[in-house]
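Could you put together the complete structure from these sequences and hints?
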Amino acid sequence: MKNGDHLFLVDGSGFIFRAFHAIPPLNRKSDGLPVNAVAGFCNMLWKLLTDARDTSVGVTPTHFAVIFDYSSKTFRNGLYDQYKANRTAPPEDLIPQFGLIRHATRAFNLPCIEKEGYEADDLIATYARLAEEAGADVTIISSDKDLMQLVTPKVSMYDSMKDKQITIPDVIEKWGVPPEKMIDLQAMTGDSTDNVPGIPGIGPKTAAQLLEEYGDLDTLLGRAGEIKQQKRREAIIANADMARLSRKLVTLDKHTPLDVPLDELRLDSQDGPRLIAFLKALEFTTLTRRVAAATDTDAEAVEPAYVPVEWGAQAHGPDLDVGEAAGPPPTPQSSTATPPRGDAARAAVPFLSRGRDATPEGLARARAEFFAKAPFDHSSYVTIRDPATLDRWIADARDAGLVGFDTETTSLDAMQAELCGFSLAIADYADDPLGSRIRAAYVPLTHKNGVGDLLGGGLVENQIPLREALSRLKELLEDPSVLKVAQNLKYDYLVMKRHGITMQSYDDTMLMSYVIDAGNGAHGMDSLAERWLGHTPIAYKDVTGTGRSSLTFDFVDIDRATAYAAEDADVTLRLWHVLKPQLAAKGLTRVYERLERPLVPVLAHMEERGITVDRQILSRLSGELAQGAAALEDEIYRLAGETFTIGSPKQLGDILFGKMGFPGGSKTKTGQWSTSASVLEDLAAAGHELPRKIVDWRQLTKLKSTYTDALPGFVHPETKRVHTCFALAATTTGRLSSSDPNLQNIPIRTAEGRKIRTAFVASPGNKLVSADYSQIELRVLAHVADIPQLRQAFADGVDIHAMTASEMFGVPVEGMPSEIRRRAKAINFGIIYGISAFGLANQLSIERSEAGDYIKKYFERFPGIRDYMENTKAFAREHGYVETIFGRRAHYPDIRSSNPSMRAFNERASINAPIQGSAADIIRRAMVKMEPALEAAKLSARMLLQVHDELIFEVEEGEIERAVPVIVSVMENAAMPALSMKVPLKVDARAAHNWDEAH
DNA sequence: GTCCGACCGTA
DNA sequence: TTACGGTCGGACG
1 MKNGDHLFLV DGSGFIFRAF HAIPPLNRKS DGLPVNAVAG FCNMLWKLLT DARDTSVGVT
61 PTHFAVIFDY SSKTFRNGLY DQYKANRTAP PEDLIPQFGL IRHATRAFNL PCIEKEGYEA
121 DDLIATYARL AEEAGADVTI ISSDKDLMQL VTPKVSMYDS MKDKQITIPD VIEKWGVPPE
181 KMIDLQAMTG DSTDNVPGIP GIGPKTAAQL LEEYGDLDTL LGRAGEIKQQ KRREAIIANA
241 DMARLSRKLV TLDKHTPLDV PLDELRLDSQ DGPRLIAFLK ALEFTTLTRR VAAATDTDAE
301 AVEPAYVPVE WGAQAHGPDL DVGEAAGPPP TPQSSTATPP RGDAARAAVP FLSRGRDATP
361 EGLARARAEF FAKAPFDHSS YVTIRDPATL DRWIADARDA GLVGFDTETT SLDAMQAELC
421 GFSLAIADYA DDPLGSRIRA AYVPLTHKNG VGDLLGGGLV ENQIPLREAL SRLKELLEDP
481 SVLKVAQNLK YDYLVMKRHG ITMQSYDDTM LMSYVIDAGN GAHGMDSLAE RWLGHTPIAY
541 KDVTGTGRSS LTFDFVDIDR ATAYAAEDAD VTLRLWHVLK PQLAAKGLTR VYERLERPLV
601 PVLAHMEERG ITVDRQILSR LSGELAQGAA ALEDEIYRLA GETFTIGSPK QLGDILFGKM
661 GFPGGSKTKT GQWSTSASVL EDLAAAGHEL PRKIVDWRQL TKLKSTYTDA LPGFVHPETK
721 RVHTCFALAA TTTGRLSSSD PNLQNIPIRT AEGRKIRTAF VASPGNKLVS ADYSQIELRV
781 LAHVADIPQL RQAFADGVDI HAMTASEMFG VPVEGMPSEI RRRAKAINFG IIYGISAFGL
841 ANQLSIERSE AGDYIKKYFE RFPGIRDYME NTKAFAREHG YVETIFGRRA HYPDIRSSNP
901 SMRAFNERAS INAPIQGSAA DIIRRAMVKM EPALEAAKLS ARMLLQVHDE LIFEVEEGEI
961 ERAVPVIVSV MENAAMPALS MKVPLKVDAR AAHNWDEAH
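The numbering used here puts the first residue of the first sequence at 1, with every later residue one more than the last.
Watch out, some of these pointers could steer you wrong.
PhoX-like, lysine-lysine: derived pairs with alpha carbons at most 20 Å apart [claimed, not checked]: (1) Lys248 / Lys145; (2) Lys720 / Lys497; (3) Lys73 / Lys228; (4) Lys254 / Lys154.
Because the hints were derived from the structure by calculation, they are not lab data.
Computed from a predicted structure; not experimentally measured.
Below, the structure written as structure tokens:
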């Protein structure tokens with residue numbers, strides 16, 4: 001900075017208070033966010049940046065900065081503990097604007113300056129002194145009298161609200177003393193708003209008069225006895241020390257250490273799109289237009305920015321944590337914690353307030369609002385490279401009683417994954433009992449440097465040895481008094497279990513979201529961060545790369561890994577704060593704690609055990625299938641008169657419906673002729689040879705590619721077993737899903753397919769036990785719709801489909817034709833699926849009118865079912881979700897769609913969900929109870945798989961007779977004692993060497 | 001390389 | 001007519 005330059009220093013904190021009161025209340029239109037002070041601030045900045053010359057300042061700035069108070073605690077509190085102690089909390093509507101003004105500053109591409117322990121005024125004093133020494137002129141944008149002591153021939157002030165410059169004569173005119181005597185004047189008068197004591201009875205007029213007479217404060221105090229007025233004389237003598245203290249308090253520090261050097265305040269050009277994005281976000285249309293014109297930017301093309309709102313810790317009212325069953329214990333002090341600096345440091349977690357809305361809903365709302373706006377500060381994340389630091393973090397986690405936890409590994413498959421490191425997130429209560437700061441750290445353990453080493457390089461230096469870190473981590477993860485919070489806990493649980501750690505006391509944010517929001521979008525971390533935190537976390541592929549050039553996580557640079565991993569733990573802990581109170585507010589805590597969380601270790605154990613598949617059987621089957629398919633291919637090509645890709649529905653359609661001229665059945669939604677099995681079956685039934693061959697070929701190639709060829713690839717290299725992955729939060733209804741490989745769709749319907757089941761075998765000395773619920777969904781339907789005939793039929797143990805047929809068609813159960821029973825069975829399934837005449841007609845290959853008659857007849861016989869269906873649809877329309885008998889919710893937000901087919905689809909799904917979902921809840925309960933029941937019976941039987949209504953166990957041969965009754969009993973009584981079903985549950989169980997024979 | 005549609009295996 | 005996941009072909013870049 002040099003002679004001729006001109007520095008503008010904006011007192012950001014001062015401005016906001018003034019603008020807030022001076023400008024009428026103004027809210028963002030879309031959501032009521034108060035923005036009056038921000039609007040004034042933005043208009044003022046824009047004016048100063050573009051035409052300061054036309055204001056009373058009369059010059060254009062070359063340097064510019066906006067200065068803020070960091071917090072209410074400064075060095076002055078060390079001088080006088082009552083300093084600013086009577087400050088009241090700012091108005092509610094002002095609070096979010098503190099943060100917004102900082103964002104505005106950055107959007108204007110201006111330095112945003114603050115420093116812990118100092119007031120904005122001290123920073124302004126220091127910059128002003130330095131600029132003046134460099135020969136520059138300074139304008140302080142403020143009208144605060146506390147800053148008038150800084151005015152000199154080269155330093156002036158500017159009241160932007162009144163467009164009035166304040167120079168030396170202005171100070172004298174207003175206060176009766178020149179700027180250099182303002183300190184003494186303030187020392188005498190004191191300041192009630194800042195709690196600066198001063199001398200009682202001395203106001204500005206008297207002070208000015210005394211200073212005129214005695215010159216300065218020290219002289220006055222030395223000659224106080226000469227003062228004629230008795231009261232004044234006594235007051236000054238009695239309060240001399242107070243006056244000296246006050247002088248210290250009001251004297252600005254012109255030598256504050258600076259983080260941003262003076263020269264970096266040089267004014268840069270405006271970033272039009274960035275500024276417009278901010279202005280659009282706040283809906284400042286006039287200014288948006290002006291800025292667009294001045295910067296030659298197409299405002300239409302700019303998306304509004306995401307503008308997080310900071311809630312300053314200082315700005316919090318008297319919130320108190322009145323406790324929450326499983327919430328974090330309020331630990332007021334954390335000895336070693338050093339809160340991070342910067343924006344994230346001011347993020348404070350709101351707890352339940354006595355004063356405001358002290359209900360579960362109020363807390364849930366407050367948390368959601370707070371975290372929707374709390375900014376992320378990656379600079380506050382740290383890497384832990386030594387045991388001592390790790391110990392400190394673990395101690396802090398213990399103090400807090402709550403820690404976000406995440407593992408980083410080399411694979412999505414928890415059974416194959418190798419641990420690379422882990423991250424922790426902690427909410428501190430260090431100096432703010434009203435809230436908490438979240439900080440996060442990554443602990444790299446096995447990161448490698450692959451530089452110039454074909455073997456993959458050695459370990460990166462300065463990582464805590466794996467064993468040492470794990471022994472410390474074990475203490476934390478197995479400590480029941482510390483709640484661990486993870487996203488998709490089953491994964492981390494299994495990875496840690498493989499390292500000899502059995503986690504205790506945990507929550508899973510993914511499962512919380514699933515309980516709250518099944519049907520409302522995904523439950524992965526990225527979705528949840530977007531939905532609840534308004535934040536997009538660093539993408540995994542941005543860290544590891546993608547495709548051919550991708551790295552496993554252990555080759556990721558540790559700084560990058562820290563940014564990614566620490567953020568994940570941070571996000572997880574924030575999500576917990578948002579979601580946990582919502583469970584309580586919506587009455588879903590039971591569902592989460594009984595049907596979700598306890599299933600995590602159960603499924604982890606099942607996945608860890610795996611199941612043996614006989615690779616020889618699969619290999620032999622693959623050969624047979626290949627031969628069969630090859631023979632069919634020859635036939636197909638011969639019949640078609642040419643070779644083509646049979647597996648291509650497009651090419652196949654051209655052959656069948658083009659070249660061969662077969663009548664096309666239905667079309668797919670893209671307009672292609674459908675070549676589905678049902679179409680081909682119809683053609684085959686009409687006497688055509690080719691379609692039959694296609695159907696057969698499809699079956700063989702399907703079995704080969706999906707099962708016999710693929711399954712051996714899933715055999716684990718060490719355990720030699722296949723470990724599926726069960727997803728807990730994948731379905732809308734509450735069912736599990738299975739993948740990698742999917743063991744819930746192993747063939748059974750055809751003889752060819754069943755051969756694949758013979759490859760799933762028990763290990764030597766054991767047998768597989770398959771136990772499945774009989775007609776569980778129809779039983780659930782009989783329960784929820786309370787249908788007397790169905791209840792009676794299940795109580796009597798009669799054939800339910802035959803009973804249905806008998807009721808509908810008046811045919812005796814004895815000697816019933818199989819076609820009649822088949823139709824009744826299709827209707828029963830149709831009911832569960834939310835029947836339509838169209839669907840039933842399709843299923844039974846009958847006319848739609850005939851299917852409609854069946855349905856009508858069915859409802860006449862079972863009016864309770866129609867009531868159930870109508871009531872369920874009405875409930876779903878009203879609430880947007882339906883419930884299972886255990887209170888699990890499945891959401892159907894599109895049930896109010898104006899699209900009739902979409903609406904109808906959602907109605908059918910919402911009829912089905914309570915039935916399918918209640919059955920899913922029942923088997924979940926059975927699974928949770930199974931491990932302790934087997935243990936109590938001293939059985940070593942191990943649960944391996946779940947297939948919706950079936951559980952598969954591996955049981956020692958000598959144990960089978962004792963194990964089967966235990967298994968059956970747990971399953972049949974699974975609803976108890978939470979619920980007493982109106983129909984009995986029935987379970988069939990068999991033991992055999994392979995799955996085909998056991999089922 | 002990544003995505004989507006068609007198809008098909010299970011309950 | 002419900003709920004899933006896997007494989008393939010084909011189109012996109």
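Of the hints stated earlier, which fail here? 3
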